[in-house]
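Asks: When you get a sec, could you build the whole thing from the sequences and use the hints?
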Amino acid sequence: MTAAPEQIDVLDEAREQVLERGVGLSEAQVLKVLELPDDRIPELLALAHEVRERWCGPEVEVEGIVSLKTGGCPEDCHFCSQSGQFPSPVRSAWLDIPGLVRAARQTRDTGATEFCIVAAVRGPDKRLLSQVRDGIKAIREDGNDIQIACSLGMLTQEQVDELVAMGVHRYNHNLETARSHFPNVVTTHSWEERWDTLRMIRDAGMEVCCGGIIGMGESLAQRAEFAVQLAELEPDEVPLNFLIPNPGTPYENYPVVEGAEALRTVGAFRLALPRTILRFAGGRELTFGDLGAKQGMLGGINAIIVGNYLTNLGRPAQQDLDMLEELSMPIKALSQTL
Amino acid sequence: MTVFCSFCGKEEADGDHAFCRQRLSVIDPPRYCSECARRMVVQVTPDGWAARCSRHGEITSGR
Chain L
322 MTAAPEQIDV
332 LDEAREQVLE
342 RGVGLSEAQV
352 LKVLELPDDR
362 IPELLALAHE
372 VRERWCGPEV
382 EVEGIVSLKT
392 GGCPEDCHFC
402 SQSGQFPSPV
412 RSAWLDIPGL
422 VRAARQTRDT
432 GATEFCIVAA
442 VRGPDKRLLS
452 QVRDGIKAIR
462 EDGNDIQIAC
472 SLGMLTQEQV
482 DELVAMGVHR
492 YNHNLETARS
502 HFPNVVTTHS
512 WEERWDTLRM
522 IRDAGMEVCC
532 GGIIGMGESL
542 AQRAEFAVQL
552 AELEPDEVPL
562 NFLIPNPGTP
572 YENYPVVEGA
582 EALRTVGAFR
592 LALPRTILRF
602 AGGRELTFGD
612 LGAKQGMLGG
622 INAIIVGNYL
632 TNLGRPAQQD
642 LDMLEELSMP
652 IKALSQTL
Chain U
16 MTVFCSFCGK
26 EEADGDHAFC
36 RQRLSVIDPP
46 RYCSECARRM
56 VVQVTPDGWA
66 ARCSRHGEIT
76 SGR
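Protein sequences appear in the order of chains L and U.
Going by our numbering, the first sequence opens with residue 322, and the numbers climb by one from there.
Going by our numbering, the second sequence opens with residue 16, and the numbers climb by one from there.
Possibly wrong hints are sitting among the right ones.
Derived, one-sided and incomplete: chain U residues facing chain L with beta-carbon distance under 8 Å [to be verified]:
1) Met16
2) Val18
3) Gly24
4) Arg46
5) Tyr47
6) Cys51
7) Arg54
8) Val56
9) Val57
10) Gln58
11) Thr60
12) Asp62
Calculated directly from the structure, the hints in this document are not laboratory data.
Just so you know, even glycine gets a beta-carbon here, dropped at the ideal spot from N, CA and C.
Replies: Shown next as structure tokens:
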């Protein structure tokens with residue numbers, strides 16, 4: 322006798338569908354996972370870890386990031402301390418080329434294979450692209466062959482082509498949240514404009530890095546919607562951030578995402594995106610602390626940002642590298658990415 | 016001498032800054048000069064930070 326649909330356990334479904342066949346969960350299934358009780362989190366994480374090992378392998382991709390142009394952004398992303406529209410204490414700053422070269426070297430010295438250059442802008446102007454071009458040239462002249470990614474906002478086709486010519490292999494542009502929630506988070510541009518940039522990046526042959534932030538007032542249903550919208554994009558990498566309620570932003574009084582909820586989200590996103598690089602990004606220090614970071618690494622995550630973020634600080638890189646060693650997780654080597 | 020909180024910019028002696036200290040110890044570089052409460056220009060890098068006050072100069076994470 323076939324069980325009624327509501328009696329089928331979603332983790333049993335996921336075991337057959339995601340683990341065995343590599344097919345990500347649907348929106349309704351992701352929502353069921355997000356609604357699992359706390360006592361089923363260990364089972365969820367164990368399955369998500371199996372899925373990650375089966376479809377992505379054991380390696381962990383390590384990345385460092387740096388802000389090339391900080392603050393003064395004209396957009397109104399409500400989570401962001403770099404928006405010029407809010408009374409945030411973050412002031413505008415430009416990193417010079419020697420500083421960028423040092424940051425890339427610091428990142429390479431951790432064993433990372435990725436270095437992402439980020440600017441707080443709506444989209445790059447000629448000055449910014451010129452700075453990026455000069456910066457990449459200087460990083461290479463420093464003898465640093467780390468893979469370079471960029472995150473410079475929305476792009477035109479011409480700018481996409483320029484970045485490809487500079488050797489940028491991956492581009493980050495987060496959709497940030499579910500399409501249905503996006504207008505509550507950003508009003509100065511649309512989710513669709515971001516989507517258009519992502520399609521251009523993909524079509525130009527660059528790797529697509531696209532994720533978002535959990536804890537911006539979205540419902541669980543919208544969190545499930547977001548996971549499936551990301552899966553539809555088929556990104557190479559999904560960075561998973563947890564909201565840092567930064568002073569001066571409209572979200573400064575939002576609560577930090579609670580650890581169990583965050584772990585459920587990690588597991589659910591892995592089951593929606595079985596073959597994607599799923600990266601621990603900003604906010605994990607507040608949300609998880611040290612213990613939770615390990616649980617996340619054993620619950621579907623297979624990439625991390627080490628060291629500091631753009632305007633916030635992370636754990637010392639060595640602490641994360643020690644954690645990976647303790648968990649017997651090998652760091653992806655540069656030779657594997659070339 | 017008045018000392019200002021480098022997280023919120025208010026006087027250290029004025030109110031409870033436990034939350035500020037917690038943020039500064041986990042995820043935030045200083046944003047306000049402790050001597051004059053001016054907002055500082057802060058550059059975060061992968062292994063450190065530098066914060067510059069237009070009046071009192073630069074402090075760093077000591078990397």
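Asks: All the hints need checking, so say for each whether the structure fits it.
Replies: Hint check results:
1. Hint status for Met16(U) relative to chain L: violated, with the closest Cβ pair at about 22 Å, above 8 Å.
2. The interface hint given for Val18(U) is broken, as the beta carbon of that residue sits about 17 Å from the closest beta carbon of chain L, more than 8 Å.
3. For Gly24(U), the interface hint holds, the least distance from its beta-carbon to any beta-carbon of chain L being 7 Å, beneath 8 Å.
4. Restraint check, Arg46(U) versus chain L: the minimum CB separation of about 4 Å is within 8 Å; hint holds.
5. Restraint check, Tyr47(U) versus chain L: the minimum CB separation of about 7 Å is within 8 Å; hint holds.
6. Interface hint at Cys51(U): violated, since its Cβ lies 14 Å from the closest Cβ of chain L, which is beyond the 8 Å cut-off.
7. For Arg54(U), the shortest C-beta to C-beta distance to chain L is roughly 5 Å, which falls under 8 Å, so the interface hint holds.
8. Checking Val56(U) against chain L: minimum C-beta separation of about 5 Å stays under 8 Å; hint holds.
9. Given the 8 Å rule on beta carbons, the hint for Val57(U) holds: about 7 Å separates it from the nearest Cβ of chain L.
10. Hint status for Gln58(U) relative to chain L: holds, with the closest Cβ pair at about 5 Å, below 8 Å.
11. Contact between Thr60(U) and chain L, as hinted, is supported at the beta carbon level, the nearest pair being about 5 Å apart and thus within 8 Å.
12. Hint status for Asp62(U): holds, given a least beta-carbon distance of 5 Å to chain L, under 8 Å.
In the structure shown, a violation is registered for the earlier hints numbered 1, 2 and 6, in ascending order.
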